[in-house]
Amino acid sequence: LIIVKDDMPSDSTSDLSFDSFETFMSAEKGNDTSRYARRDVLPLGKFALNVSGCPHASPYTEQLYQIIQQLVPSSYRLCMSLHNMNTQRMVPRKDYTANRLVSGTLQLGRNTSLVLDETQLEQGQLDTTGVRNITALGNLISWQKVDYDFNYHQMEFPCNINVLIMSEGRSLLPCDCQVHLRPTVNPPNLEEYLKTVQHAQLSSQLNKYRVYLTAARSLDYSISDQMTKAVEEDFVDMRKDDPQSISAEDLHRMLVVA
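Read in this note's numbering, the sequence shown has 41 at position 41, and its numbers run on one by one without any break.
I should point out that these hints are in silico values taken from the structure, not numbers from a laboratory. There's no promise every hint is true.
Lysine-lysine pairs mimicking DSS-like chemistry, simulated, CA-CA at most 25 Å apart [claimed, not checked]:
1. Lys229 with Lys208
2. Lys94 with Lys145
3. Lys240 with Lys229
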């Protein structure tokens with residue numbers, strides 16, 4: 001990660017601190033929950049990131065998505081406008097008349113990077129379909145599953161989707177980590193500035209990022225007995241000082257990031 005970061009032009013990370021950049025790259029590395037056992041219903045390794053502070057009336061989210069498209073083999077951007085939420089079919093549905101499965105937006109390929117653009121969500125009322133779609137997105141983020149609709153019953157299908165949520169404030173969807181943008185530069189023309197950053201990346205540099213993201217995703221990991229004991233002792237010490245400072249969910253999240 002340090003090598004990849006050092007190869008980037010200085011302007012390309014001017015809107016992100018190194019910690020934010022590292023978190024962003026960790027999210028884009030994604031997870032491969034199918035390679036590891038799911039503990040009951042808990043998917044191990046998933047890491048959904050919420051990037052808040054995104055400007056509403058600007059091409060920021062679209063330009064960022066175009067950068068992501070150059071880094072990953074498969075991606076999809078979902079604009080969460082009120083109209084889309086109330087009209088789109090998120091989950092696949094069985095059509096018994098035609099005897100076929102009608103596809104849904106969330107019927108995505110393995111390791112797809114799903115970018116949820118929440119900056120497009122305006123004031124209004126979510127109808128029954130909208131509420132159902134928000135629930136489906138929440139289930140995908142939290143449990144890495146999509147409930148296919150067979151009219152008389154639902155069937156769970158596990159998935160492996162890397163989720164990035166872009167929003168103005170904190171997202172209404174669940175996430176594992178939130179990073180709030182605090183830009184250090186304020187260019188007069190944000191669209192041109194972002195295009196310049198995007199085009200500044202040489203093909204050789206882009207290939208390094210792609211190789212890193214692909215290789216890091218497939219690496220095996222292990223935790224030694226000594227490290228397990230050290231983690232347990234640190235967790236007990238933190239809980240001893242302040243029981244409210246860290247929970248089991250916080251520990252799980254830190255282990256995922258590590």
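Results for each hint:
1. With a C-alpha separation of about 36 Å, the suggested pair Lys229 and Lys208 falls outside the 25 Å cut-off, and the hint is violated.
2. The straight-line distance between the Cα atoms of Lys94 and Lys145 is roughly 17 Å, inside the 25 Å bound, and the hint therefore holds.
3. Restraint check for Lys240 and Lys229: the C-alpha separation of about 16 Å stays at or below 25 Å, so the hint holds.
The structure fails hint 1 only (numbered hints given earlier).
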